[in-house]
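Q: If you read the protein sequences in the order shown, they are chains V and A. Be aware that the first sequence starts at 1, since it is given in the working numbering, and climbs by one per residue. Be aware that the second sequence starts at 410, since it is given in the working numbering, and climbs by one per residue.
Check the hints yourself; a few may be wrong.
[As the list claims (entries may be wrong)] Quick list of in silico lysine to any residue cross-link-like pairs, SDA-like style, CA-CA up to 20 Å: (1) V:K131 with V:K278; (2) A:K574 with A:L541; (3) V:K278 with A:L634; (4) V:K219 with A:L634; (5) V:K404 with A:P535; (6) V:K89 with A:S647; (7) V:K64 with V:Q363; (8) V:K336 with V:Q363.
[Stated by the list, open to error] Below, a sample of chain A positions facing chain V; criterion: calculated Cβ distance under 7 Å: (9) Q584; (10) A588; (11) A689; (12) P692.
To be clear, the hints were calculated from the coordinates, so they are not data collected in a lab. Using N, Cα and C, we set each Cβ at its ideal position, and we do this for glycine too.
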Amino acid sequence: MDMKVAAAAVVILIVVVAGAYVLMSGQAPGAGGGLPDKVRLGVILPLSTASYASAGQEALRGMKMAVEEINANGGVLGRPVELVIRDTKGDPNTAITGATDLITKEKVPIIIGFYSSTVTYASMNAIKNYKPLVFVLGASSVKVEQLVGMERWFFHMHPWDYHRQGTVIEYFLNHMKEVPKKIFVAYEDGVYGTTSYEYFVNLSREKNAPWKVVGEAFKTGSSDFSSVILKAKQENPDVFYIVGYPGDYPVFFRNAKENDFNPKLIFIVAPEFPNYPKDIGDYVAGVDVWSPYLNTPEAKAFVQKFESKFGRAPEYWAPFGYTAIKMVVKAIEDAKSLDKEKLIEALEKVEIKSPLGTVKFKQTGKTLHQVVDRLFVVQWQGGKVAILYPEEYKTGELIYPVPKWSERG
Amino acid sequence: MQSELVLQVVVNGVLLGGFYALVTLGLNLIFGVMDVTNFAHGDLIMLAAYFSYWAAELFGMDPVAFIPLNAAIMFLIGLAFYRAALKPVLKAPAYNQIALTFGFSIFLQSLALILWTSDMRQIEVPYASRVLQLGPVSLGLGKLIAFTVALGFTLGFLVFLSRTKLGGAMRSVSQDPMAASLMGIDVDRIYLLTSGIASLLAGVAGSLVTLNLYINPFIGGELTLKAFGVVILGGMGSYFGMIVASMVLGLAEAFVGAFVPQGGSLAPGIAFAVIVIVLALRPKGLFGR
C-alpha cells in the first residue's frame, strides 16, 4: 500500500515537473491562446510587373530557400514555417489591398517584403493605423523614412538614399585617383530617382565636392534613351551616373554605344543585378548593397547553394529575402511567441551571421530598425566583378578612364 | 555642333519611326480589313520575341536569320487565333471584340510569365551593338538592320496589297465585305489570311525587337500603346498615314527628348500630346477617310 502511494506520488511529481518544463519552454499554449499549427509569415512583393517583378521574384527565391532550410531542421518552435504570399504587381493600390488582406484576414504576425519607394510609401501610409509589424526589404527613399519615423513596428533592410549616395560621394571624393570634375546624373522620374538625385546634389554641396552636377530625368521602362544620351554627350561629363531600374541600364549602354558617348566612367545603381551583355556592360561601375563575389563563408555558401539550384549567381534581393526570413524566425524562436510586442523586442536583439555579413537592427537617428547601412562600389572587369570599396573587401582597382567604345574588342 | 546634334536626333527619330511603322502594320491591317482592334498585337510581338530569344539561346540561331521561320510560326498562330477567337466575335458588338482581344493580351502575358518568368532577357548579338560612323552621325547597326527590314516588309506589304490578286481581295473586303462576298470573294478565307499575315508581321517585329532590346513578358503593352497612337494619328486603316504618323511619333520623341529640359521623362507623354492636338484639329487623323 505504501508502495502504491509512493508510486502515485512519483507519477504525479513527474507529470507536474514535465508540465512545468513544457510550460516554461513555451511549447504549450500560453495565456490567451497558443501557437497555431503553422507559423505563417506574410510576404508581399511585386511578382508580375515589368521592371519590378524580377527583383520580387528573386527575393521570393531567397525567402523560399530560407524556409526550406528552416523546415528541414524542424521549423520554428516545433512548427513548420509557411509563407502567405501577395503580389503587388508593382502597383500601389494592389499593394495596399494585399497588405490589408494580410493584416485583417490572414492575421499574419509580420509582413515581409515591399519593393519600390512609391509602392511602399503608399502602402505604409494606408496601413499605418493598424500598426502592423512590417519588415520592408526595398524602398530607399527617405520620404518613406520620414513617413514612418520612430515607429516601433517598422523594420527595414535596404539602405536609405543617403547611405547609397553617401557611399557614392565618399568613393568619388576620397577613393578615386582623379576626382571627377563634372557628373551627369540621369535619374528616373519616380520618387526613387528624384530623391536620389536631390540627395546626390545636396550631399555633394555639404561635402564641398569640387564637381559640377547636371541632372536629367527619364521615364523608366522606355525602349530608347538616345535623347538623354545626346544631352549628356553635349555636357561631356567625366562620370555618367544613371539612377534607374535594372531594365533601363542595358538600353542606356546600347544607346551610349550607338551615339558614341564616351564618358570616363558609366556608373549605375545595383550593377550586379542581371548579367548585362558583356559587349556593352563591361567596365560599368556602380554602387551595390551586396555582391556575390563577397569573400565570407556565409556569402560563399549561399551563392553556391543558389547557383546549384538556379544555375546562376543570385542578385542581391535573394540574400535580402533569405536573411529577412532567417532574422524573423530567429526572433520568433527567441520570443517563443507570435505576440507583436514580444516579437518587436526579440527582433531588436536579433544578431545572426548571414550572406550579408553579421546583421542586426540599428538606429539611424531617424528610424529605429535598420539592417544594411554600408554599401559597396564595384566594377565589371572582363565579365567579373571587382570590389573597389570599402577597402576591407577590396578585390581590384578601378579602371578609369574606361576604354572608348571604338577601342573595345 | 548644334547642327550635328540636330542631324543625329533626326536620324534617331527616323530609325525609331521605321520600327514603329512595322509594329503598327499588323494592327492596322486587322483593323482595316476586319474592323477589329486587336489589343493583343503587342503581345504577339512579345511572343515572337521569345521565340527568337530561345532560337538564339538553344540553337544559336541569329535573330535576323530566324525571321523567315519565326514569321511562318507566327503566321500559323495567326490562323489559329482567327479560327479559335476572332471569328466567333466578328459580328459581335465592338465591346465584345475589345474584351476578347484584351483578354487574349492578358492571357499571353500570363502564359509568358509562367513559361519564362519575368526575368529580363537579352540575346548577345555582337554585330547589333556595332556602330557605323557616317560623318558626324553615328548609326547603331542593330537599329539600322531593324529599320531596313521593317521598311522592306512595310513597303513589300503595301506592294502586295496594291498589286496582287489576294491583296486586291483584301482591299475589297476592307471596303465592303458584303459586296466582296457577292463578287465571289471568300470573305472568311480573306479574314483568316489577314489574321495570319498580321501575326506574321508581328513575328518579324518580334525578331527585330530581340536585336536591340531586352525582353520580358510585358514589353507588348508599350508596343500596343505606341501602335495605337500611330494608327489613330495616321487615320485608322490608312497605310500612308501610318508611315507618316510613325515618323512623326519617332521624331517627336527624339526631339522632345533631346531639346526640352527633362525631355527624357516627357517624351512618351509629349508624343501622345501630339496625337491629341492632331485629333483635335483633324478628328479622323492625318489621313483618315
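Q: For every hint, state whether the structure bears it out.
A: Against the structure, the hints come out as follows:
Of the pairs offered as hints, the one joining K131 of chain V and K278 of chain V is violated, with about 46 Å between alpha carbons and a cut-off of 20 Å exceeded. Restraint check for K574 of chain A and L541 of chain A: the C-alpha separation of about 41 Å exceeds 20 Å, so the hint is violated. For the suggested pair K278 of chain V and L634 of chain A, the alpha carbons sit about 31 Å apart, so the restraint of at most 20 Å is broken. Proximity of K219 of chain V to L634 of chain A is assessed by CA-CA distance (about 15 Å); at most 20 Å being required, the pair is judged to hold.
About 17 Å separates the Cα atoms of K404 of chain V and P535 of chain A, which keeps this hinted pair within 20 Å; it holds. Our distance criterion of 20 Å between C-alpha atoms is broken by K89 of chain V and S647 of chain A, whose separation comes to about 37 Å. Proximity of K64 of chain V to Q363 of chain V is assessed by CA-CA distance (about 28 Å); at most 20 Å being required, the pair is judged violated. Distance hint between K336 of chain V and Q363 of chain V is unfulfilled; the C-alpha atoms sit about 25 Å from each other, more than 20 Å.
Annotation: Q584 of chain A was flagged as interfacial toward chain V, and the flag is violated, the nearest CB pair being 35 Å apart, outside 7 Å. A cut of 7 Å between beta carbons decides the hint on A588 of chain A: the least distance to chain V is about 41 Å, and the hint is violated. The interface hint given for A689 of chain A is broken, as the beta carbon of that residue sits about 24 Å from the closest beta carbon of chain V, more than 7 Å. With 7 Å as the threshold, the beta carbon of P692 of chain A stays out of range of chain V, its nearest partner Cβ sitting at about 28 Å, so the hint is violated.
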